[in-house]
Structures are given as structure tokens and as C-alpha cells.
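K.L.:
From first to last, the protein sequence lines stand for chains A and B. Going by the numbering used here, the final residue of the first sequence carries number 427, and the count climbs one at a time with no gaps. Going by the numbering used here, the final residue of the second sequence carries number 427, and the count climbs one at a time with no gaps.
Note that these hints are calculated values from the structure, not bench results. If you're wondering where the values come from, they're calculated on a predicted model, not measured in any experiment. Please note that a few of the clues may not be correct.
Quick partial rundown of chain A residues pointing at chain B, CB under 10 Å, derived from the structure [said to hold, decoys possible]: (1) ASP164; (2) GLY194; (3) LEU210; (4) LEU212.
A few chain B residues facing chain A, derived, Cβ under 10 Å [unchecked claim]: (5) ASP108; (6) ASP168; (7) ALA169; (8) HIS190; (9) TRP192; (10) GLY202; (11) LEU206; (12) GLY216; (13) ASP227; (14) ARG234; (15) LEU238; (16) ARG240; (17) THR241; (18) MET244; (19) ALA257; (20) GLY336.
We treat Cβ as the ideally placed atom computed from N, Cα and C, and that holds for glycine.
There are 2 protein chains.
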Amino acid sequence: MPFSSSTSQFRKEVDEALHAFVGRQAPGLLAIGEDLRPMITALTALLSGGKRLRPAFCYWGWRAAGGEDVPEIATAAASLELLQASALVHDDVMDASDTRRGQPSVHRRFEALHAEHAWRGDAATFGEGAAILLGDLLLAWSGEMFETSGLPEDRRARGRRVYDLMRTEVMCGQYLDMLESTRAGGTVESALRVVDFKSAKYTIERPLHLGAALAGGSDELTASLTGYGRPLGMAFQLRDDVLGVFGDPSETGKPAGDDLREGKRTVLIALTLERATPEQASTVDRLLGDPDLSELGVTDLREIIAETGGLAACETMIDRFATEARTALAAAPVTGEAREALTDLATAATARTF
Amino acid sequence: MPFSSSTSQFRKEVDEALHAFVGRQAPGLLAIGEDLRPMITALTALLSGGKRLRPAFCYWGWRAAGGEDVPEIATAAASLELLQASALVHDDVMDASDTRRGQPSVHRRFEALHAEHAWRGDAATFGEGAAILLGDLLLAWSGEMFETSGLPEDRRARGRRVYDLMRTEVMCGQYLDMLESTRAGGTVESALRVVDFKSAKYTIERPLHLGAALAGGSDELTASLTGYGRPLGMAFQLRDDVLGVFGDPSETGKPAGDDLREGKRTVLIALTLERATPEQASTVDRLLGDPDLSELGVTDLREIIAETGGLAACETMIDRFATEARTALAAAPVTGEAREALTDLATAATARTF
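Please model the entire structure based on the sequences and the hints provided.
P.N.:
In C-alpha cells form, the structure reads like this:
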């Protein structure tokens, strides 16, 4: 792990804050009905995984702006994990994904619960409905956790503006992402625009801004954090796209080739199509998005992505974005400690495996 | 319309507050991408309908607690319409409903958009994905609209606790509702429990509490509002269940018999099954929840619900709850103006048509 000890310590605090929050909510749910226990089980399992990247960036945005290492910031930052969990649950419904973080996705869990009890009606429909509701609950709770973090209102008021913007951006970015995969003729440029809103801002830039806003950081600092966070966020998503095609399922928590079966029109795919022969392009068009794509089909697509030079172009782009981020960080008006942590996070966010 | 002029005036203010909020958000969405315009169109169409019951109860909870008639309360109360719109959009996905408020449901709108452009992939899947995201956006915006209402933080802090509770209750209540329809052996008692959380608290009791909390109302007032709001909420939902089976589609905005096709295990159905002969019960079990149920099947079910006395028992229950609400209101420590408005709202919420 490339994390410094202060970052591992923070991760533990995030886990504890999440555990405490869910622990406070659970009795209320069970008072409504014992039947809600599977909801608690499902969300607890989901929250046990994850890299806690967004809380880490939020925390270092806070520290970079001179915020003290107090427990309240861990709670406010940890609320981003509930937002992310909500997005994952709904994403998995939309993509009909079977697994998440190496476990069954939430809708599949509830589908199995339905089947196990031989309940009336369609098990898959029940599973999707339960997952939509659990995602809604997690989204509502993310706001609740932020507001009850214990940070004073003047700080929360500044942070809330960033939080609001981030939520709108990620939801709109996800819609654009869906649109990108349904329309023919996507370009590298249009794929990069999706990455910006769906992922770069949401995962790195806005969490940094949130932390800085909570601490009362200057406009100059905010601009510096953008200079570092935005290219790093781009690199992070491009790395994720590469891992989605070439990654080890035991590392990614997703079956090999799932991104290809879902037909995701990533920057990696756009770079490939830009370089493909007509024959290669038509193979990509035929295989990409086929939900029943075989192992052989996955191998064919991987070969085309590598042979066209699409993969190499994507790696070059990742390096360029990562270098841009590091250069901006070197010039940023932050403490030595924050600079070190943000350097570590940059490595973690773009590593070939994690 | 049974509304007093001050209530119609308030409705206008709610409409204006919603219009202003969406108007402030739209440029941000279009800056992310022109492709987001259909999202704005869909949510504007959805928000143009609705009875504005929840904002009205919130407003009269505020007034009952001595709150002044200021624009900020209209904005805070109107945010409940965004929460409700979110719930409706997600509900329609879960129930695969074609229409809402007399218009195509959001997922059907986006399905049509996909089909119209002959985009790649499955149009229905695209429609559902877009609706899940739009529901998420509306949920996030409900919190944002509340927090940016202009009410001072000490008031919002009190209201936030009610808001948080209400969101958790309604999402859990909807899960219990789904569970009720999938499990055999539901009783009148278990159906009433679902109504309590999914509908009675959410539609009436909590909005009243929210308004009262924002105004700094006493515990005594909060208890009085429960005495009025909870039975009225039960009556409201039972009326909605009756209208869902026997209502005029031009009034309900939903095709006749849709609740029967969805297989909703309402209190009305539970009361019917309690009174049914084995033969009638088996017909109900066979027809209820059949998505392709014919007009003739709808008529058969209606006849059984009427003939068993299920309908009459439900009407009796509605009357009993409504009377309980009125009795509590008569004894509540509220001004004459609030009492009059809450009397009107009780009539509106339980009227045979609206």
C-alpha cells in the first residue's frame, strides 16, 4: 500500500464513522419492521468494501486548507461513501451487474431472498425494487450524515454548496455516460467529457473542494486543487477503464470482461476505434455490448484494443494526466504533509492494480 | 374545491417556488450538456401536476405553531414536492407503470426518446436507467431546496430532524409495501402497518411536524398534530386505495384497474379477503397482480370487493379515521385560521374525487 500512516489512520476513522452512523440508524429501521433486517445486512456488506478514495481526498482538501485533525471531518468526509454506495447500487441495477466489490450486487441479493422464500411474483423485479429503495436510502443518509457530522453550520453552509454541485454533476454525468453508450459515433472528446463529470470531478476534484470549503480555504487554494484534482480524476477513470478490460477479477471485484459485455463506450474504446481498421471496427461494434459475450469474444476485443494501439494511447493519456496533476501539486500552496499525502493518493488512484 | 382562499394562494406560492428552483438549476444542467434538456422537460412536466398536499400540511403545521406567512416557508414546504416527485419516478419504474398524473411516466418518456432516435441497445433499459437517475436528482434537490429556503439555521436544524426521519420512514415503508404484495397471508393489520409508514406519516403527520418544528412548536402541539395527522393519513391512503380500484381515470390520472394489475395488497384487498368465500378468495388470488388482466377481470374483482362487503368495510374505516382526525383537531391548541384550513385539507385528502 502506498499510503502513509496518517492516511491509513484516517481510513480507520472513516470506517468507524460509517459503522457508528449505520449503528445509530439500525434500531430505527428495525422499529419500523423486523423485515428491514435484510436492508441493513445488504448495506453493511456493501459499505465494508471500497477504497475510501473520496473521503481521503475530502480530508486532504480540509488539511490542505489548514483544517485540524478533528473527528468531525472524518464523519463529514465518510458521508461521501454513502453517496458513492447509493450510486453503485443504482448503477448495478441499470447495468444489470451481478457482482460488486466481489460480492453479489444488492439487487441480486434481494432477488435471491425472494427466490429462497418462494414469494409471489417475479424475483428479479423484487430485487430491482429493493435495490432502488436501498440506493434512495443511502442517498438520503449521505446528506443526513454530512449535516450531523458535528461541524458548525458556517462550515457546513460552505461545504453544502460543493456537495449540492457534486451530486448534480455526478447524476447528470451518469446520464451522459448512458447516452454515450447508446449513440453511435462517440468520439474521444465526447468520451472525455463524460469522464470529467461522471468521474473526475466527482471522485477527486469535488471531494477536495468540499474539504477545502469546510475549512474555509481560499479561492487560490481551490484553483490549485482543481489543477491537481481534475487531471488526476481523468487519469483515475482511464485507469479504471483499462482495469475493467484487462484487470484481474480478484483485484477489481468484477468478472473479467464485464465492462465489455455492458458495452461501455469508454475513452479506451474511443481511442481504439480511432485507430481501428474498418474490419476491426466492425468486430468491436458487433461484440461490444453483447451481454452473452464469451471468453473468446473478450479475448478478441482485448487483442484489438492492444493491437490498434488504443491501449498504449490510453496509457500515454493516463501518464500525461498524472504528470499534469503532479506538476500542479508541486506548485500548490499546501503544507508538506498534505503534499505528501496527495502524492500518495495520486499513486493509489492511478496504480495498475490496487 | 374545498380550499379556503389562503390555501389556494399558498398553492400558487408553492408552484412559484418550484418554478424558481428548477429555473435556477436548469442553466447548470445545460452547461454540463445540451443533452440534459430532456431531463428538464421530464421533471418540469411531472412537477406541473400534483395536489401539493404535503407542502400544504407543512405550511399549516408552521402556521399552527405561530409561524408567520413568509416566502421562505413556501420554499421549504415546496421541497417536499421534489421528494414526492422522486418517489413517484422510482415507484413507476418499480411498478412498470405507463402513466403518472395523466402523462407518460418518466421511464416511458425516455424509452420513447430512445426509440425515436433508433439508438443502440434496449429502449426500455435506457428508459429505466434515465428514470432512476432523474429520481436520484429530484431526491438530492429536495434536500438542496430545503437547505436553501432562506430559513435560518436554528429553524432548519429542528426541521432537518423531521425531514431525515420522514425520508427513512417512507423508503422503508415502500419496501414493506413491496414485501406485503409478494408474501402470502397478509392481514388487515399488516396492511395497515404499511399504510402507516408508507403513507400516513409521510403524507400528513411528518409534513405537519416539519412545519411545526421549523416554527419552534411545542411538544404539546406536535402531539396534537399527530392526533389529527395520523388518522387522517390513514384515511387518505385508504381513499387512494378505493380510488385505485373504483376511481375515474380522468380524475386519478391512472388507467382503471392498474392497482389491481400491479397486485397491490392494500387494506381494501385485505378487508375483502377476510370476508371472501373460498371461491371468491381463489378468484382474487388468481386475478390480482396479473399484468394482462382484462377489463372483464377488473370488473370481476370490483364485484367481489363490493359483494363481500370489503368496500363497505373500507369506507367505514375511512369514516372512522376521518372522524378521529376531526375530533383531535377540535381539541388542538391552534388558531381559528389554522383549524379552518386543516378542516378543509381533511376534506380534500379524503374526498371521493379530487
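K.L.:
Now tell me, hint by hint, if it's right for this structure.
P.N.:
Structure-based check of all given hints:
Restraint check, ASP164(A) versus chain B: the minimum CB separation of about 9 Å is within 10 Å; hint holds. Interface restraint check for GLY194(A): the shortest CB-CB distance to chain B comes to about 5 Å, inside 10 Å, so the restraint holds. With 10 Å as the threshold, the beta carbon of LEU210(A) comes within range of chain B, its nearest partner Cβ sitting at about 5 Å, so the hint holds. At a threshold of 10 Å, the smallest CB-CB gap from LEU212(A) to chain B is about 6 Å, leaving the interface hint in force.
About 6 Å separates the beta-carbon of ASP108(B) from the nearest beta-carbon of chain A, less than 10 Å, and the hint is met. At about 8 Å, the closest approach between the beta carbon of ASP168(B) and any beta carbon in chain A falls short of 10 Å, and the interface hint on this residue holds. A hinted interface residue such as ALA169(B) counts as satisfied when its beta carbon comes closer than 10 Å to some beta carbon of chain A; here the least separation is about 8 Å, so the hint holds. Using the Cβ-Cβ criterion of 10 Å, the hint placing HIS190(B) at the interface with chain A is satisfied: the shortest such distance is roughly 8 Å.
For TRP192(B), the shortest C-beta to C-beta distance to chain A is roughly 4 Å, which falls under 10 Å, so the interface hint holds. About 4 Å separates the beta-carbon of GLY202(B) from the nearest beta-carbon of chain A, less than 10 Å, and the hint is met. Checking LEU206(B) against chain A: minimum C-beta separation of about 5 Å stays under 10 Å; hint holds. Given hint, GLY216(B) at the interface with chain A, holds; its Cβ is 5 Å from that chain's nearest Cβ, closer than 10 Å.
Proximity of ASP227(B) to chain A holds as hinted, the smallest CB-CB distance being about 9 Å (cut-off 10 Å). For ARG234(B), the interface hint holds, the least distance from its beta-carbon to any beta-carbon of chain A being 9 Å, beneath 10 Å. A distance limit of 10 Å between C-beta atoms decides the matter here; for LEU238(B) the minimum to chain A is near 8 Å, and the interface restraint holds. Because the closest C-beta pair between ARG240(B) and chain A is about 4 Å apart, less than 10 Å, the hint holds.
A cut of 10 Å between beta carbons decides the hint on THR241(B): the least distance to chain A is about 6 Å, and the hint holds. Look at MET244(B): its Cβ gets to within about 5 Å of chain A, closer than 10 Å, so that hint holds up. Evaluation of the ALA257(B) hint against chain A yields a held restraint, the C-beta minimum of about 6 Å falling below 10 Å. Taking 10 Å as the C-beta contact cut-off toward chain A, the hint placing GLY336(B) at the interface holds, the least distance being around 7 Å.
When the structure is compared with the earlier hints, no violation turns up for any of them.
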